[in-house]
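Engineer: Work out the full structure: start from the sequences and follow the hints.
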Amino acid sequence: MSTEPDPRIERWLEALLGTPGLTSIREPEQARREHLTDSLQASSLVARFAGPIADVGSGGGAPGIPLAAAFPERTVTLIESQLRKCRFLERFEQDFPNLRVVCGRAEEQEVDVFGVVVAKALAPPPVALEWCLPLVRPGGAAILFTGSLEQDLAPVARMLGGGEPEHHPVQGARDRRLVLVPKLEPTPAGFPRRPGMARKRPLV
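Per my numbering, the sequence shown starts with residue 1, numbered consecutively.
Calculated directly from the structure, the hints in this document are not laboratory data. Misleading hints may appear alongside valid ones.
Listed next, with one range per pair, are the computed distances between beta-carbon atoms [said to hold, decoys possible]: (1) I25 / R194: 33 to 41 Å; (2) E14 / G190: 21 to 29 Å; (3) R194 / Q30: 34 to 42 Å; (4) R91 / R33: 19 to 27 Å; (5) E27 / G190: 20 to 28 Å.
Since we're looking at a predicted model, the values are computed, not measured. Note that CB positions come from ideal geometry on N, CA and C, so glycine has one too.
Structural biologist: See the structure below:
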């Protein structure tokens, strides 16, 4: 991965700060830390798995757009349910040939497709995992950005065909973790549940 500044990323960060409702951050350097540097902390984990990448609940494009820049040889799909945010994300499909935007809910997507599915600031971890892991094909993984509370996600992972979760620290952030859940088996029948059920009735 190149260390040279990427003008496409600079345009994205500028647009992110200039578009109301996408981030509460107003300082460019803080935006760079929170949306770019923080997102790229998942790169070494993503690199362990082959195949296309998806970012569920992409919002303003983190971590999906930084990962599209870091892995230009891999397709990165941004899945976002809000039309206004989809339109923002679509502006960057021309900048990143490996980027595609899907406007819809995670529960409506085809299962067992992606090599890696990531999610940042999406939902409580059991809910985020239920949205993400069904999309992962066996041999891949879901990677969640979470808080420091290491909630036991193993029961949810098992229900969804996943393995034992791995917890990885986020460099420079004592209150953050990356949780990697490997996908071992195809998504079981009954998952994903219909839209809204994961948040309304979490599996744990």
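Engineer: All hints, please: hold or fail.
Structural biologist: Hints, verified against the model:
no. : hint                   : in the structure
1   : I25 / R194: 33 to 41 Å : 34 Å, holds
2   : E14 / G190: 21 to 29 Å : 44 Å, violated
3   : R194 / Q30: 34 to 42 Å : 38 Å, holds
4   : R91 / R33: 19 to 27 Å  : 23 Å, holds
5   : E27 / G190: 20 to 28 Å : 45 Å, violated
Violated hints, listed in ascending order, are 2 and 5; each of the other numbered hints is respected by the structure.
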